[in-house]
Each structure stands twice: as C-alpha cells, then as structure tokens.
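Number of protein chains: 2
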Amino acid sequence: MISATVDPDGIPASNSDTIPMSERKLVVIGGDAAGMSAASKVRREHKNREIVVFERGQHTSFSACGMPYMIAGMVDSPDDLIARKPEVFREKQNIDVRIRHEVTMIDTANKRVRVCNLADGSEFYEGYDDLLIATGASPVRPDMQGIGSEGVFGLSILQTGIAVFEYIRQQNPQKAVIVGGGYIGIEMAEALLTQDMDVSLIDMAPEVMITMDPDMGKLISEYMREQGVHLYLEEKLDHFRSENGRVTGVVTSKRTLDADLVILGMGVRPNSGLAEKAGIETGENGAIRVNKRMETSAAHIWAAGDCAESFHLISRRQVHIALGTVANKHGLIAGINISGGNEEFPGVTGTAITKMNGLEIARTGLNEKEADEAGIPFESTVIKSKTRSGYFPGSGDITVKLLASKKDNRLLGGQIVGAEGAAKRIDTIVTAITSGLTARDLAYMDLAYAPPFSPVWDPVQTAARQLIVAV
Amino acid sequence: MISATVDPDGIPASNSDTIPMSERKLVVIGGDAAGMSAASKVRREHKNREIVVFERGQHTSFSACGMPYMIAGMVDSPDDLIARKPEVFREKQNIDVRIRHEVTMIDTANKRVRVCNLADGSEFYEGYDDLLIATGASPVRPDMQGIGSEGVFGLSILQTGIAVFEYIRQQNPQKAVIVGGGYIGIEMAEALLTQDMDVSLIDMAPEVMITMDPDMGKLISEYMREQGVHLYLEEKLDHFRSENGRVTGVVTSKRTLDADLVILGMGVRPNSGLAEKAGIETGENGAIRVNKRMETSAAHIWAAGDCAESFHLISRRQVHIALGTVANKHGLIAGINISGGNEEFPGVTGTAITKMNGLEIARTGLNEKEADEAGIPFESTVIKSKTRSGYFPGSGDITVKLLASKKDNRLLGGQIVGAEGAAKRIDTIVTAITSGLTARDLAYMDLAYAPPFSPVWDPVQTAARQLIVAV
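Going line by line, the protein sequences match chains S and P.
Everything in the first sequence is counted per our numbering, starting at 1 for the first residue and increasing by one.
Everything in the second sequence is counted per our numbering, starting at 1001 for the first residue and increasing by one.
Chain S with its partners taken away, still in its complex shape (with noise of 0.2 Å):
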C-alpha cells in the first residue's frame, strides 16, 4: 500500500496530463475536514487510484468546532471528536493516510512534495498527478513577551484541546484569561465557567463579537457579565507575565490581570506558507486563491479549507473563512473535480452560528460596516420577539437584525441573539439572500408556525416586514 518515492530525482510525471483520470495519482497534504472530504469522495469515484494524504498532527477528521465541549467535560473523550481514525481511512477505503508527516516543499516543476517524517526527522519525495492543499488555518500568536509560557493555549489542532483539558485537570488553574471576544472566546467562556474558574475576556473593540454590529454585540456583552464573565473592552493586550515558565497574568493596555490559564482566540491564518513558497496565487488575507471549482493557480493543484479563500456571494469579493462547514464543501467540491466532474463551489455568505450558555447568536450576510465597505447603501431594522407563542412554556426572547438594499430592497445580512431556538434561524436569512429575495418576499413567506415552535409571525418575518419598501 505504501507508494513512497524515496530517490528525491527519480519522479517520472512530466506526461501526467495522459494519463487516464482513474489511474492518477492524488496527493493531499492535511487530512482534516478538507483533505479527507476530497480524498474520501475520490475513493467512491474511482476504487483504484492511489491517494496519499500527509498529515503533520496525529489524527484525522476532527471537530476542532467540538474542542471547548470537551473542554468543558460536555464529551467523553478526545476521540468522540475524531470523525474517521487514520486506520479506517486506510482500511475500509484504502487511502494511504500518514500522520505526522510534514510537507515542507511543494515541487510544481516536478510534480512532486518533499516531506518530512516527523516521528525520526527523515525526508522523501513524493510524487502526484494531482495535489490538494488542505493545509487549514493557525490561530494567531502575537510575538510578545511572555507567549511560549506554559498555561498560554491557542486552539487549533485536536492535540492542542486535549492539551488544555490536561492542563485543567493536572495544574487545576482558577483564573482564566481569554483574549479576543470572537466565537472560540465566547465558547471558551462559557466552558471554563462549567469548571469554575474565574474567568475574564479581554478584547480591543467596544463589545465582544465584532462580526456583529455593535448593537447586537453589546447584547451578547451584556449577557456574558450576567454570566460571571469579566469583560474588560477596549483593551489592547500588552504582553504575559510569568513565573518559572508558567504564566500567572495578562497585562493589557489598561491593567493586570492574574492568570493561570490564558486562551487566545485571537483569529486564525491560513496556513499558506507552503503553497506561497511554491509560487502558487493567494489573495489579500492570504489564503490561496482558488476559483469556483477550488483549482489554484498552478496547474493539477487544488487547494481547499481553511487555507482557500471563498467568494462572497453579497459582497461579491473574495474572503477567507476557516469554518467547518465551509472546509467540508470545498473538500467535497475538490474531491468532485479531481475525478473528472464539473462542479462548482457557488460561495459563502458569512454564516457563524455559536451559544453562550443559555443565549444563542447568529449571522450571516452583511453587517452595516461590511455593507459600507461594498458600498451598498442599505436601510436596517431590529427587532424583539420571542422564539416561541409568547404563552408557551419556554418561549424566551429574540432579537433579529436585518439589512436590507435601499436600492432594490434585497435582503443583504441578518444578526440573531436569542434564547433556545433562536439561532438556526439564521439559516432562513441565509437560503433569503443567497436567492436574491427582497424583504417583501421574506415577510410574506409561508414559514412555519405552531405555539411550540414560533410566535404566528416568526421573528425573522417580523424584522422583514418593517424593511418592506412603503407602496
């Protein structure tokens, strides 16, 4: 099964565009969500053809989505994460999957990835007909003092969720810093509070969640501080202060804070070192560009995850958003191409859905500053409703934001912030702008009512109604 190519010159390729599509050779580098989703797809199309993946970590398939869950003791083990282990992949679909083997070259000339073995530091080529790059996103870790101290975690691989729940349970640490007020924050958050740290959040902007606009964000403020969240906002993170190593405090621009467990969620990068180097195109938030059927620049490479930018179906420019969902269509979408299909990968809308503890959130589309920055002058509204009939046992309150285009009352981007039921809601918002529907067409749309499940107009309904241009 192992196809190795150890003499690093001896890669035959040149004459690959003959070769018959059920007889080339796939080589993916990262086997994540991306990776396995293209390989995996290629294997159902074609049972014989050699694939390859290269993972530098040591699993597969993970849900870095469900690392703060298991952090807060909400999943049994590391493994419930895990979607497909590297030995299925090899022996129920005979993908040759290699963790801990690092690509370090991408050699488009010859057709052909250096790769090192990280388990005794040895490097090999490996040669392909077709290359996937599915190399994922990092989280970003300012160069500043005090940032290698253990105790300092940046969420990314499932290694490092488990490295946190260890270091919970071995250090037992009471006071956590979380710095950035974004999704892997407010998941954070909310899962150290279920192992009783004291727990602050530090962030530059005025309220948490800057992918919302501020007004909804300061709801979800709101809330964490009920919740027992320290918020110190607008707040620049200055360094980290330690003792032996180990941090014990966060310093920002206003004020220290001590800390035994710092998380950062910062944001991530895409991880697009390798395919740069290569010469391959990538774009201004330095993510690989890809076109709608995730081909890059260089020829039988494709790229795909969170290291691909996708194309924003209401800003009409290309964005990089390291999500789950998205990395499992552009895999799928990749896998379809590489085996001879024609399909297409029509675009994201910037849809984010998360919960802290009781209050749920939601977006996609536009927010008003993204809606200024593409230009589209708009009108918003919001408004409050409640998720279920307001006399039915749990009904509790929600708050819908709308945008809407003043020039043809096209529906541009919603924000939800609600109790239990709110935030699916969104993807009623996402289906109405990805078809182009005005806020008319929403508001008089024939969507689900019963006491249960909605009040007799559902929220997001009402919100369209007040965007309905006057007749």
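There could be a bad hint or two in this list.
[Claimed, not checked] Once the Cα atoms are required to be at most 30 Å apart in a straight line, the calculated DSBU-like pairs of lysine-lysine come out as:
#1 P:1386 - S:47
#2 S:218 - S:386
#3 P:1386 - S:92
#4 S:386 - P:1386
Hints were generated in silico from the structure; no laboratory data involved.
On a predicted model such as this, the values are computed, not experimentally measured, just so you know.
Let chain S serve as the given structure and place chain P on it in line with the hints.
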C-alpha cells in the same frame, strides 16, 4: 361610537365609490386573526375611518392553535390565548367590535349586511363601503348517530376549547377517542396523555398525518404507539354510542371502543355559505375565491383567513389552507389594500409544523401524491441524520425527505420528522422552494453549523445532496 343603522331599508351608499378612502366605512365579519389583522392595519392607516367588526362568538383574536396546550394544562389560563380582547380594540384602537353578533346575510346590491344580536335575537342592517369576510372555518362534524352526544367535541372557537378543558376537570373522563390523525388529532393525543387518560386514535388512512407521505407518516405512527396511544388505522368511523345523552363509545368499521371523551379531528370546512348565498364566487374546495389582493368576485368585498382560498406556489393551484399563519398574512394584505395600498399575497407552499411529545413534525410544498396530481415528474430521497453533532449532548435523530423536479432539479417539497430542533428546519426548505432553488443550490448553501446546532452538513443539505443531478 356605535354606528348601527337600525332602519333596515334606510341604507344610502350607492355613491360609495366616490367617498375618499379615509372616510369609507369598513365592516368586518369575524373577529379573529384575519379580521382583526385587517381592521388593525386599516386603523393604523386611517385614524378616523369607521370600522365595525361583527363576531358571533365571545372572543376576538385568540390562538386556536394553542387550545391543545391549554387543555394539557401547559397554559395558565384561556385568557393567555387571547392576543387582544374586544374592549381593548374598542378603547385603544377605536374599532367597534361587537361580539355575539352574527351576520346572517350580505346584501351586495345595497352594500349592507343583516346582523343578528345573539344576546337578544334582535336583527338590524349595517351599511358598508368596504366589507371584509373573515368568517373562518368549522370542524367537520359528520351527520351520524350520536354526533350530538355530550362529550363529543370538535375544536374550533375558544369556547369549545374551554368546554373540553372544563369537561375534563368536571367529568374526569378516563377513555378518550380521537377521530382523525392530523395535526389536531396528534396534538390532542399529546394533551390527553398529560391528563392521564387512556387515549385511542382512529383514522381511515394506513398511517397518521396524511399530509406526509406514508413512509414519513409511519415514523409518526410508530412513535405515537411507543408513547402509549392506541392507534386504529384503516378504520372508518361509523357512529357514536351514547347513554343518557352522553357518549360511551365509538363504533368503527372494525370494532367498538369505549369512550367518555371524543375529539373530532376530521379537518375543517371554510365558512363560506354567507358569501355563496350573496353570489360571491367560491372555489372547488368551497373556500371563497380571492385574487392576490384578497378581493372577491364582488365589488368592494374582500375575504381573508380560513374562509378564503390561497394560491399554492408549487402546484400553481388554488388551495384551502386554514392556518393561523396564513390568516394573519391574508388579513394584513387585505388591510393594506382596503387602506388604499397595493400589496399582493404571493401565496403559500403548504407549510405546517407540529409535535407529539418529543417528536417534531413538519412539511412544506408537494408530497409524492401531490406532485403526481400536479403532473410533475419528481425524484425523492429520505435521509437519516442528527439534529446536532453526534457527540453533542442532546443530539437526536432526524429524518428528512425531499422531492425535486426530474426536469430541472428544482425542489418541490420537504418533510421532516425528528427530535427537538428538527422541525423548524422546514423553513430553509420553504425559502428554497419559494425561491425556485435546485437541490444543488441548497446542498452547497452556507447554512449555519456549530456542534450544539447541527452536524457539519445540515440534514436538509445531506438530503439535497442526494438529489443533485449527476454531473
């Protein structure tokens, strides 16, 4: 405020076409969702216009959909189901609501209605410039032996819901039989189980919920049996047995079931007799025919709500759908147009949602039988997935069925049965089919994912992927 014209012949009005909009007198027949939505909208637009509403019952604007939950004791008081009381309409909105007043004739030639004051039996005429018929629908009550027995209830207006509630508390019935396995039947089964009754349900069809395809209905039938409901399917109601005027049993085509409470859930018929007698056009379903502005065939006469037809956006036929959500939209559109606006009700997709204990149920668009009847060749698929990430606590089963056109891959309809969080996903399908999306469009759409909310491919997309036409 009272504007009754007591002289039965003294109605002016032949020149009402020339009356300015803001002075035209509006009479509304029926004080529930559609009627009061329209009346309220007209009042918001025209502060001084005379608005009279005749309601034959005692209540206005109540949630009929909430009655099963009131009977189950989940709602504190019947008053909680009333969105707004007659005195509030009178005092806050200057709408002259007269309860226990039944309109017995529409005189289109003289632009007046004949009204019976049910309190004293007196009759009078009331002139109108604009008339809105919002007479609702009534439960089907088959004309058979014992139908009039005490303990046999059809749920329609709030009084009947309260009557069931009180009958249960006062008579302490032990054996309930529900006739009909539609929404009312399913919701009442849940309600009566909470009252510790022995609950049986009979239906002529092979599975409950005939608005779903039988393969989906079977999942519901099985669940109901697990929950302790005795289902007697493919059995026809023959008559009711009674003693001393009180029901004691239900006789079907196959057996006799003991019963001291019977709930009729055999569907509803539009209350269109008044309109028909006045020569106003009705459709095949017996509902009042309206155009998209909610105008009937008679000048200055509008209809809205459960008595009126709707246009079905997928089958492209006129249909009768008696649901609160449609009634509210009808009423608002009628109100806008009666106020001189020009708004159209685009139509319905036949959406409905309900639940039985922990099982959520929803449907929209065409099922297989309806697609056949509409002459649309289709492909269908059924998939099983999870409501959340499989490892996330509370993740439950969900089954999604989708239909797409063979011709152009456009989605035609969807059905969902599953655990908490399953059913409201129907709104994504509603929005997709209303927008004319294909299965491919839906499959790659940027729907929201995070472990507490969805698997990485939303179940709706997992189903859509199965229907993508091969590329």
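Going through the hints against the structure:
1. P:1386 - S:47: holds (29 Å)
2. S:218 - S:386: With Cα atoms ~19 Å apart, residue 218 of chain S and residue 386 of chain S stay inside 30 Å; holds.
3. P:1386 - S:92: holds (23 Å)
4. S:386 - P:1386: holds (26 Å)
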